[in-house]
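Trainee: Residue numbers (the working numbering), protein chains in the order written: chain A, 1 to 113; chain B, 1 to 197.
Worth flagging that the hints you see were computed from the coordinates, not collected in a lab. All values derive from a computational prediction rather than experimental measurement.
Label-pair restraints from in silico Cβ distances: (1) B:Arg-177 - A:Val-33: 49 to 57 Å; (2) B:Ala-61 - A:Thr-42: 25 to 33 Å; (3) B:Asn-7 - A:Arg-26: 22 to 30 Å; (4) A:Arg-15 - B:Glu-148: 27 to 35 Å; (5) B:Arg-27 - A:Leu-50: 51 to 59 Å.
Note that the Cβ used here is the ideal one computed from N, Cα and C, for glycine as well.
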Amino acid sequence: MKHDGIHLNEATLERLQNRLSDLPQRERRRVRVRRLVTVCSTAAAAVVLLVWLRLESTAPAILQAEAWLHQTTNLELMESLETRSWDSNAEELGALLTDEELNQLSLVKTSES
Amino acid sequence: MTDREENEVAALCSDRRYEAAYALLVRAQTPPLFRLAVRMGLDSDDAQDVLQDAFINIWRALPHFRGDAKFSTWTYRIVANEALAALRKQQKRRLWTVRASDAPEAVATSASNDVYFQADEALALLHRAQAQLPEKQRLVFQLRYFDEMPYSEIAAITGTSEGGLKANYHHAVQKIRAMVQTIKPNPADDLLNAENE
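Excised from the complex, chain B in its bound form:
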């Protein structure tokens, strides 16, 4: 979401034109938020459900938005919470059908089998590895690595301190590197090395 769009939404909200502000948020934020939900390991249908629930909350809360954070950060936070809740529900359901040790693998394959996923082997491997991270660590990794968000913004989304986030991201990278090397020593490691440099 650009600064101009942020200002526009803020101006519409201050004029109490919430419907217009909401429409602008939908137009600007649906693609990145849908992408985030899919990347978190949800399939297309579940990601759409998550966005619908999140946008109901956004619409209801829009008149009460205090302006503590950017609108984009706020919407990311709501969608991230909804996505985490959906993943937890999925995991509970999955526990009835597969053994607990199989669950991370099941999450990992859901993104790769999705019709929207198309990438080279290195990126596919990176997705598979990051899908095995704990949910919150996965969220931090994605926001930092793929969305290239500053730590301050990720802190506002996840509700954790910047110091904690840096440590969390570092651990996530270490884990992914180890996982990638275990699966197959290949170019996915180079992607992470390039990120650190």
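Pulled out of the complex, with its shape left as it was, chain A reads as follows:
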């Protein structure tokens, strides 16, 4: 090699060699972090997908219920509540309320009559 007039600073060269020698370790760490990020983002995407699918599957039922509510008059709604849900939940509600409270509810009276 011909003399080119360029003098490499020994300290700089040593620092550079140390930095370059550390590259494989840093690369491995980077690959591990990247793999972790991939796994985490895949899991997050899977959760989001599951939630979305769940919402999608319940959406028609909710829409149907909303439509029913819009189409149904208040009177029909009351009748429906008395005959369907109230009947089915009466026992449960009975367990939560005292007899006196139950007697005060006009709906209970209506269903009793």
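Given chain A's structure and the hints, the job is docking chain B onto it.
Mentor: Below, chain B alone, put in the same frame as chain A:
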């Protein structure tokens, strides 16, 4: 890089001991490759960045090295490509701050002002002149003139034919001679004459 080191790296790679092979490459090749990057016109910081990017590529590609060329040639090729890419980026940046006609002068002074540069007037003038060559021609000139590489090895580094390289080098010498005479008829011309003889 000596033949013994070349064989050692090859043996380590065949044993799949890539980390040891890489460490040997770093130890043997950092000084000449750093020197090449600085000579190409990069300052010390940019030359270090170039070497870092190049050695990341070397580490990633080491398990896939087919052995078509010597390890030293291969590393030279990677660093030369990185250095050329860095110089192109620098030139693009420079175009925003200086006129295009000023760019070669800016490249020429960066090596001379570098803290690592210490030479007589003739050599400084030679550096200044060769810095004005097109990047690839400059690379060919440096590998041939300063590193005294055979054309076959330069061909493997630059990916051009030996015939093309010889013509390229000849043109580079002619241009440098003309530039040196334009700047100042002085002993830098003698350096080139000595090379041709």
